[in-house]
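Asker: Sequence:
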Amino acid sequence: MFSGIAALLLGLGAAVPASAATTGTTSATTNAATDFTPTNEPLNLDSAPNFTFAATTVPDTKTNGSYNPSTIDNPVEVSNPGLASGWNVKVANTEFKNSDTTATAGDGAVLGGAVLNLSAPTAAVANAGNPSSGPTTSAIKLSGDGTDQLVLSTAANEGLGVWDSSYVPGDVTLDVPAGQEPGSYTSTMTWTLGDTVQ
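Okay, so the sequence shown: first residue is 1 according to full-length UniProt numbering, each after it adds one.
Keep in mind that the hints are not guaranteed to be accurate.
Stated by the list, open to error - When the alpha-carbon atoms are kept at most 30 Å apart in a straight line, the in silico DSSO-like pairs for lysine-lysine are as follows:
hint : residue 1 : residue 2
1    : K62       : K97
2    : K141      : K62
3    : K97       : K141
4    : K90       : K141
It is worth saying that the hints were derived from the structure and are not from the lab.
Kindly produce the complete structure, drawing on both the sequences and the hints.
Answerer: Next up, the structure:
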């Protein structure tokens, strides 16, 4: 009886060997690398807007008639495939000329004194996630004298990717003084894309 108890007590008191403490590698550094080569595509002016005004009566008051376009069909869209030089867009226009070729110069041949006012357009990147800074937009007045007016400009290394600068009818007014002949008048607008900072 005594020896059995002693054996039991001896078993309870036996020490359990401890596991040795070890520290393994817990981090690693790797790389993800790629090369982007030039596309060899040029800087491109993809589209520009046409402004269409609804038919209205000839202005006959002491103040100018002021009209918003009924439709604007396109944004000013610029595609930059990765050129870091910066870019700009300018526009010039002719006088609003009467489609009636029998109209005499200075007396119905053009809308005398007409001014096309464009507020600064809203620029937006065409694809989500583009980290490039967009163009600076400017408000302009076009009097039909053919002088270029700066609409969009970027600094170097900006304006990469595809950018759409849009007008809505409230951004545009055609101011026309009284003293005009009835007729259909059209102004030709020339939009020019340059690859320099302005």
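Asker: If a hint holds in the structure, say so; if it does not, say that too.
Answerer: Status of the hints after comparison with the structure:
For the hint linking K62 to K97, the alpha-carbon distance of about 23 Å falls within 30 Å, and the restraint holds. Taken as a hint, the K141 and K62 pair is honoured in the structure, with Cα atoms around 21 Å apart against an allowance of 30 Å. A C-alpha spacing of about 18 Å is found between K97 and K141, which places the hinted pair at or below 30 Å, so the restraint holds. Distance hint between K90 and K141 is fulfilled; the C-alpha atoms sit about 12 Å from each other, no more than 30 Å.
This entry satisfies every hint, going by the numbered hints stated previously.
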